[in-house]
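In order, the protein sequences belong to chains Z and L.
For what it's worth, the numbering used here labels the leading residue of the first sequence as 152, then goes sequentially.
For what it's worth, the numbering used here labels the leading residue of the second sequence as 10, then goes sequentially.
The set of hints was computed from the structure by calculation and includes no laboratory data.
Misleading hints may appear alongside valid ones.
Not close to chain Z: a few residues of chain L, all C-beta gaps over 12 Å, as computed [claimed, not checked]:
#1 59
#2 463
#3 476
Here are the simulated SDA-like pairs of lysine to any residue, each with C-alpha atoms no more than 20 Å apart in a straight line [to be verified]:
#4 Z:188 to L:190
#5 L:59 to Z:301
#6 Z:221 to L:519
#7 L:337 to L:300
For each residue, glycine too, the CB sits at the ideal point set by N, CA and C.
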Amino acid sequence: MSLKNLLTDNKSSIVKAWCDLTLKSYPEESQGFFKKKDQFGNPVGHSLCEGIESTYDALLEDADTDVLSKALDGIIRIRAIQEFSPSQAISFLFGLKQVIRDGLGSKINKDGFSEEWAVFETKIDGLALLGFDIYSKCRQQIYDIRVESVKRRTSRLLTKAGLVYEIPEGQSDQSDLQENIANINNS
Amino acid sequence: MPRIPKDWKLPQEPGDFLSDVGHTPEPRVTGWMNTPPVEIKRGMHCYAAKPDRLKKMGMPNPREWSAMDDDWKLPENWKETFLDGMKDRLGRFRTFQLFMDICVRCGACADKCHFYIGSGDPKNMPVLRAELLRSIYRQHFTTAGKILGPVAGARELTYERLKELWYYLYQCSECRRCSVFCPYGIDMAEITIMGRELTNLLGLNIDWIAAPVAFCYQTGNHMGIQPHAFVEMLEFFVDEIEEVTGVRVQPDFNRKGAEVLFVTPSGDVFGDPGTYTCMGYMILFHELKKLGLDITWSTYASEGGNFGLFTSNEVMKRLNSKMYAEAKRLGVKWILGGECGHMWRVVNQYMGTMNLELAEGSKMEEPVSPITGTKFENAKSTKMVHITEFTADLIRNNKLKLDPSRNDHLTVTFHDSCNPARGMGLFEEPRYVIKNVCNNFYEMPENTIREQTFCCGGGSGLNAGEDMELRMRGGLPRANAVKYAHEQHGVNMMACICAIDRAVLPDLMTYYVPEVDITGIHELVTNAMVLDGEKKKTVNLRGEPLPGKEDKK
């Protein structure tokens with residue numbers, strides 16, 4: 152028996168507790184709704200629980216960063232635009248430590264898994280850092296979208312109105328530039 | 010904009026991470042009626058209207074202000090103005106009185122709003138958003154409310170409550186999805202409309218609505234583009250169309266005696282990807298000319314959209330009038346309307362009480378397609394036909410030469426735009442057209458389309474840039490369904506029939522489903538059309554290579 156086996160055997164209860172704990176970050180009146188099983192009527196709850204399960208699986212399987220990122224993206228992409236501070240948006244990842252401690256803490260101590268647990272905790276810390284990267288990327292994307300939408304609104308309009316002139320594709324002024332530099336050097 | 014909690018401190022124990030960063034909510038000791046004053050947040054509201062817009066329209070209290078400031082610079086008698094306005098509207102609009110009285114708070118609407126689904130903010134539940142206004146109504150206009158106060162669900166109108174009301178009225182896109190589920194048929198959009206009218210009496214407007222309104226009133230369209238520039242834009246498209254198809258189309262403008270007037274949102278003329286849809290209209294009309302279509306564009310009625318709907322009944326009527334006044338001036342028989350959203354809600358739902366008298370003494374009559382002879386009986390009163398009805402009829406009567414394989418690189422789904430869907434029941438015609446011009450079409454899940462369609466997140470004047478977080482929350486349910494269609498069927502293009510959709514959805518897709526692009530239906534139609542005298546087409550209207558038709562070098 153190893154910690155990994157213990158965590159695998161208790162997957163369903165841990166995942167459920169982790170989802171429930173994460174849902175507690177939402178207003179009390181809405182927690183019940185977010186628990187409803189409806190992929191299209193309740194995309195927040197669905198993405199959250201699906202993402203949490205995938206993340207848990209990926210952690211146990213020592214999956215690479217790409218797999219972990221994919222699992223986390225669905226959750227953090229949503230929390231990045233919701234009513235959370237950055238720390239609140241990511242803090243659910245640390246919630247996994249609490250869930251495991253609450254559910255399996257005494258067994259971990261009793262069966263001598265303390266060292267394995269310390270390693271697993273470090274993994275969760277790494278997961279949180281990965282979550283922070285994803286969060287930052289999402290926020291950056293929101294700013295990019297805002298900038299792009301302003302540019303899209305005006306740049307083509309100015310071009311069409313003939314107020315700005317785009318440089319035609321394939322045209323190069325490099326030869327002129329080289330010639331000018333040569334002239335300056337010679338003079 | 011995310012913020013750092015005021016009391017944040019470094020966690021001391023492992024479990025502190027959760028409590029110290031505010032992960033668990035504070036226990037709620039009071040009901041919603043006594044929640045703390047609303048905190049106005051960046052990313053969740055639009056910028057305030059600039060004073061010149063309001064001056065142009067003769068609207069009250071023009072001034073510089075910001076929703077982020079404590080002082081909103083209201084007139085001294087703001088409370089009296091608000092309550093007098095409410096009394097006046099309760100008398101004038103039967104629906105308003107009814108919707109204030111009949112809600113039994115059954116909660117059927119609660120989880121149907123896209124803003125609530127995406128945020129979990131209880132005040133985005135339609136029932137609770139409406140209660141913000143209803144509670145004031147009860148306090149000031151019902152006997153029970155006056156006597157029993159909070160026990161009867163009544164609340165005094167205060168400065169803080171006015172701010173809260175304004176904040177949430179501009180987190181409703183008037184999409185009417187909630188009303189589909191209300192057993193009483195309460196139309197939340199109408200409550201928002203009335204609420205916005207009342208806050209407008211105090212000068213609490215947003216610039217994303219007030220500017221298009223003022224521009225539209227002054228020059229005929231939301232962008233403030235003058236007639237000569239409007240013509241130049243369409244002439245620019247003439248060149249682009251010729252480059253792609255080899256056919257030179259010839260739109261004409263303000264021609265008296267034409268049979269049909271064409272009106273479309275200016276977003277189609279000035280904003281991508283709507284511009285490709287606009288080119289689609291131009292190609293279609295050119296092809297139909299020889300079959301007997303006699304149609305003209307107007308540089309004055311150069312806007313189908315009507316942001317007056319988001320302002321007040323009076324402003325809506327003023328902006329709508331230009332379409333009918335222009336139809337009368339030009340002597341046309343009927344109006345063909347482009348792919349627009351709320352233009353159709355205004356025409357289909359409110360026309361009967363607005364400007365139909367302008368059609369009196371004109372040459373306007375029940376629309377008949379000059380090509381197929383089909384009578385559009387549904388448009389008998391408004392004299393205005395939706396372009397997907399018109400095109401569906403052409404296809405049904407085999408009047409268009411189509412090669413759907415030209416769209417084979419696309420796997421298409423259809424987003425029912427809220428207003429044509431719930432505001433006029435237009436479900437089949439757009440699908441019929443798409444299926445005839447595309448070989449690959451897949452629906453999104455059932456509870457996200459047709460009457461139950463999810464809003465783009467930017468309707469009713471919320472499609473600004475500064476409220477991007479709001480838009481991303483509101484658009485989540487739609488994006489989630491698109492993502493499913495993409496993963497299940499390889500959908501890479503979503504068609505819609507609304508200019509606001511075409512402006513809002515590309516941003517939404519970029520964030521959630523970047524593999525999917527947005528198009529209008531008539532872009533698809535004309536990409537599939539085989540034109541008389543066309544050159545060998547190698548690219549579509551966007552300049553993208555057509556599958557199997559690339560230049561071979």
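Comparing the hints with the structure gives:
Taking the minimum C-beta to C-beta distance to chain Z, about 17 Å, the non-interface status of residue 59 of chain L holds against the 12 Å cut. With a cut of 12 Å on Cβ distances, residue 463 of chain L falls inside the contact zone with chain Z, its closest approach being about 9 Å. For residue 476 of chain L, the condition that its CB be more than 12 Å from all CB atoms of chain Z is violated, with the nearest at approximately 10 Å. In summary, the hint linking residue 188 of chain Z to residue 190 of chain L is supported, as the alpha carbons are separated by about 19 Å, within the 20 Å threshold.
Note on residue 59 of chain L and residue 301 of chain Z: the hinted pairing holds, with a Cα-Cα distance of about 19 Å set against a maximum of 20 Å. Among the hinted pairs, residue 221 of chain Z with residue 519 of chain L is consistent with the structure: their alpha-carbon atoms are about 17 Å apart, no more than 20 Å. For the hint linking residue 337 of chain L to residue 300 of chain L, the alpha-carbon distance of about 25 Å lies beyond 20 Å, and the restraint is violated.
The structure fails to meet hints 2, 3, 7 from the earlier list, while all remaining hints are met.
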